[in-house]
Each structure stands twice: as C-alpha cells, then as structure tokens.
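A.B. asks: Chain by chain, the residues:
Protein chains: 2
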Amino acid sequence: MKAREFKEIEGGVTSAKGYVSNAVSCGIKKPTATRLDLALVYSTEPATSAGVFTTNRVRAACVRVSSDHIRRGDVRAVIANSGNANACTGKVGLEDVRTECRIVAQELGLSPKEVAVCSTGVIGLPLPMMRIEPRIPELCHGLDVGKGHKVASAIITSDTREKEIAVSFRVGGKEVRIGSCCKGAGMISPNMATMICLVCTDAAVERAALRKLLRAGVEQSFNCITIDGDMSTNDTCLLLANGASGVKLAPGRPGWNTFCEALQYVLLEQARRVVRDGERVTKFVTVRVKGAPDRAEAKRVAEGVAKSSLVKSSWNGGDPNWGRIIHAVGYAGRRVREEKVDIDIAGLPACRAGVQADTPSDDLRARVQAPEFEVLINLHLGRAQYTVYTTDLSPEYVDFNRSEYAYWNQAKQDGLTR
Amino acid sequence: MKAREFKEIEGGVTSAKGYVSNAVSCGIKKPTATRLDLALVYSTEPATSAGVFTTNRVRAACVRVSSDHIRRGDVRAVIANSGNANACTGKVGLEDVRTECRIVAQELGLSPKEVAVCSTGVIGLPLPMMRIEPRIPELCHGLDVGKGHKVASAIITSDTREKEIAVSFRVGGKEVRIGSCCKGAGMISPNMATMICLVCTDAAVERAALRKLLRAGVEQSFNCITIDGDMSTNDTCLLLANGASGVKLAPGRPGWNTFCEALQYVLLEQARRVVRDGERVTKFVTVRVKGAPDRAEAKRVAEGVAKSSLVKSSWNGGDPNWGRIIHAVGYAGRRVREEKVDIDIAGLPACRAGVQADTPSDDLRARVQAPEFEVLINLHLGRAQYTVYTTDLSPEYVDFNRSEYAYWNQAKQDGLTR
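First to last, the sequence lines map onto chains A and B. In this text, residue positions in the first sequence follow the working numbering: the first is 1298, and each later residue adds one. In this text, residue positions in the second sequence follow the working numbering: the first is 1298, and each later residue adds one.
If you're looking for bench data, these hints aren't it; they were derived computationally from the structure. Errors might be hidden in some of the hints.
Since the list gives no way to pick out one identical chain from another, each pair is judged satisfied if it fits inside one copy or across any two copies.
In silico BS3-like links for lysine-lysine, alpha-carbon gap of 30 Å or less [said to hold, decoys possible]:
1. 1637 with 1709
2. 1637 with 1410
3. 1509 with 1471
4. 1587 with 1509
5. 1388 with 1637
Computed from a predicted model, the values in this text were never measured in an experiment.
Full structure from sequences and hints, please.
C.D. replies: Structure representation (structure tokens):
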C-alpha cells in the first residue's frame, strides 16, 4: 500500500479557502435553551455542489427543497438547524423552508435556489419559525472565517461530541483543502432522526464529476454504517467545491486521484465517528463479509448480522456468541451454505465450516471485552465482499429512546401542537 | 359474521383421541436441573402429517432430518427437547438426531422415518447425548393419555408459561378435536432460538390436503409475528391427523370448513400467545396495514414498523410517537406516498395525510399506556392489507440477552466444548 498523499490538519467545515460560517442560539427546542442550534455555511465564491439525500419515501421538507435546488443547479449557502427535523409537516413545512431560503438569499445577494437547508430533530412538529426567522439576518451578518467549530456544535443533537475533520494536499505547488463537519443520528441515534454531513473544498471541480464522486463516496462510507437499522427522513450529505485554492481538478488530471482518496478518507472517517458516537453505544464493531458469490449477497449478510438485535445484545454483554452470528447469516443470506461458513471474532477462529472452532471460549471472550473488534465472515462461495460498521445494542439505548414527551410538551406550550 | 362452529375446550396436545405422551427430566442444560426437558408425543394409530420448517439457510440437525422424514412419508411420533437447539453441530448433530429416531422407533415398533425430532436451546453445542440417550426407553414406556401438559412444560425455555389449546366440533354426530402445545422463541425469545408448535387432530385428512392447509395456516399465523426480527434455525410446526374420531374430512365435504376455521384459530391463538409471552415484553401491539397497492407492500410496511427498534422503544415508554412510525413506513415501503398516509393509534387519529392529526396528544398517550393496542396504517393506494403481531422492545430484553455464559460454562464441564 502506498503512502497517503494527503495529510490530516486541524480544522473543520470552513478550513478550505473561501468559506465563512456562523451559528446562533435560537432556542429551537425550548425558548430558554442557550446552546447553538442554527448555523450557516457560505462559499464566498460561486461553487459547484453535490448532494446525496435519504432514500426514505418519507422525506423532510428541507430534503425536498434542497434536493430540488441541487437538481436545478448549484447551492453555495447551507442553513442548518438542530432540534426539529421539519419532517411530516406538510405545506407549512415546505413554506418554512422556502422562507429560510428567501431570507438567506436576500441577505447574501443570492437567488433562493442557491441555498440548501438541513434540519435535524423531532419528526412531525412544525419549525418554531417565530424563533428562527428573526435571527437569520444576524446569522448572515456575522459570517466569518474561523467559526467552523460553531457550526459543528450547532448541528449536533444527541451526539456527545462535535465531528470535524480537514485534510490538505498539494497540486502543482498549490494547497488544496477539504473540510467537513457532521452529526450523528440518521439510522444511528434515532431520537433525532437525522444524519447531516457538510463537506467544503477549495478545489474547482466540474459539477458532473463532483456529483459522481460524492455518490460513490457515500456508498462506501455512510451507506455502510448502521446503529439501529432505522433510516432517517432527513439524511443529507452536501459537498461544495469553490475553486478558491486556484486548483482545478478533473478525472485523469494531476491531483485527481489524491482528491478522490482524500475525500473518501473524510467521508469514511466521519461515518466511523458517527458510529463510535452512536447513542448509548459501548462497542464499535466492523462486520466484514468475504467469499460471497456477489456483492449483493455480501451486503445482505453483513447488514443482517449488523442489524440483529440478538447479536448486538450479545456484543453488549461481551459474549463472543458465534451461534447467534451464524443464525443471522442464515436468515439474511439467500445463497449461504452453512457447512462452508467460517467466522473469526477479533482475529480468532470462532466457527469453521459451520461448526464450533477449536479456540478456547475464554480466549474469544477476552478479545470481545475490547471496545472495538472485527467480525470476519467468510462464506467461501466466491470473491465478493462488503463491510459494515456498527455497534452493540444496550439497555441504555432503549431507555434513552423510550419517550419524546419533553419535546411535545414544549411544542404544546409553543402553540405548535395540541 | 357467523358464529364459530367449534368450541374451545380444556386441554392440549393430546386432547384429540388416539394420542399419548410423556416427558422426563434429563438435565440437558445442567445435570442437576430437575425441570422436564425431553418429551414424546405419539399417535397410537397411523396418521397423516404435515410440517412447516424454518426458511433460515442455517438449519438445525433436527430440522434437516424431520423435514426429510415428512417429505418421504408421514411421522407419528415426535420427540422434542429444550435446552439445546442442536444447530451448527455438523455431522455429530445429524448422528445424534438419527440415534434418537432409531431408539424411539425400536421402542415403539416403528420405522425411524416415522419419528420427527424438535430441539430448542442454545446454538452451536452438541446435544448431551450421554444424558438423553439412556432416558428414551423410559420416555417411551411411560406414554399415556393425560400427560399433554407435561409435554407443554418440557418444551418451553424462556417462556413464562405453557401454551396449550384444544378445540372441539361435531360432524355428523361425531366429535372431532384439535389439540396443540407450543413454545415461544423463534424470532421471538432469541436466547433459545426456536419456535415449536405441535398440533394433533383425531380427524382423518389426506396428506396432500393436510399439508396445503398447514402451509396456508402458518402463513397467516406464525409468519405474521415478530418480536425481535430474528428468524430461528429451528422453527418447526407439525400437524398430525390420525382419524381416531372416526371422522374423515376432505375439501368440499361436510365439516371441512369448520375444521379449517378451527385449525386456523388454534394456530393464530398459539402465535398470539407466543408474542404475548415474548422475552421481557410489556406490550402486545397489532400493526395493521391497509390501503396498500398489493400484499407485498402491505407486508413490507407492517414488518418495517414492527421491527423498528425506535418504534418499539417508544412503545415501551408509552409514547404514541407517530413520527417514528411514519419514518419506518417510509423506509420499509417502496411505493408509499407520504401525503396519503393516515395512522391511527389505539383507535384515535394520530396522523392524517402525512401530518399530525388533531387528536390531543394526552388522549393518545392515555391509550398507549394499555398493555395491548392496535396501530392502523392506511396507505390509501389500493385495497391490499397485512397484519403483524408484535411487541415493544425493553431495556430488560437487551439485558436478558447479553450473555449465554452459563450455557457455555456448563458445556465445558460436560466436555462438549473447550
């Protein structure tokens, strides 16, 4: 394996040249809250852009409008809020998103179609626009470099930490950067029902190439993670490329491969951080399936194991339970042959040819006490493979997600629901 | 709706004429245990038989042998054990099943192919044959009427109660009975990884008709339940018909429709009992999808909702969270149109046309405190429907399933594993 041609640097979503940001506290969840909950990222130069959105048939108002804007052209400003997903809010929800776009556009001298909106939080309640709308001008006027961390803080919800990353590499003597911030949830920390990832680069990349790259990148990062199997109504990953570095990149041209690798690194690293920070999670588990007859079968098996409540419960208990793993392999796969299946847990053989391997169970147990380990499943039916990053299932996760009463009570006080 | 033409009576698996049974305590889990764990049901007359088995690609040794016996002819004796699933045990597992069949056949003067075997318990450990084998003759010699309840006790594992049912109806002045016992688990109480249901009738029914009936019946009962989405390696439902009542039934002949209804009642009632007795479960929830464009879409949506960790966690908290329900509808369905979806919870409108209904949230909450309620989802896209019976997900479920150490430690002492 050759060495990376890019390096990770301190920073986040506005680390690349030509991006400014700001965040304010509107009290979206409740008026007395003081945490940041509304953020804006803006490219001071025109940018090309790409977006990947949830495939859930129920789509939040912000997803509908943002995907429409991306389909028609490019966006260069992204306004994002936490505390409310603006999903299942009907016409009111769409009007609220359009109002946000209109005000941001007015303040920044853009067309409303150049603005994307991301929301994350509870489903089914209208946005408290009486608290958001009056703050947008202030949000725009305070845009500045060096406020990327505030954005990372404003978009998180049940996450326990901000997720920021930036990388740098050189092309023809000039530096190119990619910066990103991200929030968990999505299929992961479901109380909030949203995954958001923003990525900004100062390379110039043509729209078509940028979009192809983001689609492929998300397929191999965010689409490979699961905490609870629940796909959100709001999942959004946006990538902006504004050319402020003076470097123009294109497939086959110098620097392109490095850019692709660096972007993939950013996406995969953010995806992994989302998993590690899953709600009330104690284990980070890589489920790697190889020897599958085709990629679809490898994916079915990996996801089946990663989503099994029984398997995940056993990981929580530090139990190297290969019997539960193979039972999930058997119901998830369509072409699995039990007598060929090998399973390694944390590097030790747990199952060979469908039956118990010789490894002493105490050795397996000791390895599964670690906070991170890999489960390797070889189907011995072909050469296809697939990897999923996932977690255990804890009693605390269920407890944490038992009720959203507090939200609804506040919404009632706000006159947003009965 | 016309009145039922059958009545429920006291009794269980041997309530129909011509069936005897017995159960003993072998200490399958550990030598010192005293609970019943090995059972035998036997039709004193030749019987036709039908079986439905797990569709998991990983199949326990007993499922392989029993399904083979049913494919080749009819069985009239069923030996069943709890405490060990005999799954993923390779050639040893198959030999053990054949040994059980051979001894039972010898004792009862049958061919080994007339014996079916059911096992339920931990996956991946060989059966402790040193404790089972010597007890089979005694099991056979003690066969008697009136011991059905012992069978119901012997096959349960993490179930909190026996599941027995019997029904009776008359055809041309003669009484016909159907009796059954059943154990939970299967997709449900996964620590044990098995669902077993035995049904015995004293009607005479031709093999082909009997098998068609059982397949259709299971499709509308056991295949409509889910606790944790985990399909077992051992699921087995067996139906024996021995004609001891003197009543011969066939499609189109007197009594056939009543027999079909009575059998369906028995299967559905057993399936519901399995759900109600799910591990650490506090709610019994009926998820009914209607207005679907076809049955497959109705099934996808109903199962998606019934399997969502988020939705199930909210039920555990008594939270009438329609937002989480519609988000699962959206990712499970392929043709769902958000703006058409109506959701009623416990008889009250929670969502209309994809947005919040007018029902005060306190009214919804009050209804969801009940131990049983229905979630009705109308997609307004057609006339197909599907119903799934399911439960909440509790912190206690996860806690209960964290570890099977005790089993493995005992197995090590027994010399069955390292």
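A.B. asks: Should residue 1637 paired with residue 1410 be assigned to within, between, both, or neither, using CA atoms and 30 Å as the limit?
C.D. replies: between (55 Å within a copy, 28 Å between copies)
A.B. asks: Reference check for the pair residue 1388 and residue 1637, CA-CA at most 30 Å: within, between, both, or neither?
C.D. replies: between (54 Å within a copy, 13 Å between copies)
A.B. asks: For the identical chains here, do residue 1509 and residue 1471 meet the 30 Å Cα criterion within one copy, between copies, both, or neither?
C.D. replies: Within one copy only: 25 Å inside a chain, 73 Å across chains, cut-off 30 Å.
A.B. asks: My question is about residue 1637 and residue 1709: at a cut-off of 30 Å on alpha-carbon distance, are they close within one copy, between copies, both, or neither?
C.D. replies: between (57 Å within a copy, 25 Å between copies)
A.B. asks: Indicate which option fits the pair residue 1587, residue 1509 if close means a Cα-Cα distance not exceeding 30 Å: within, between, both or neither.
C.D. replies: within (26 Å within a copy, 39 Å between copies)
In summary, the structure agrees with every hint in the numbered list given earlier.
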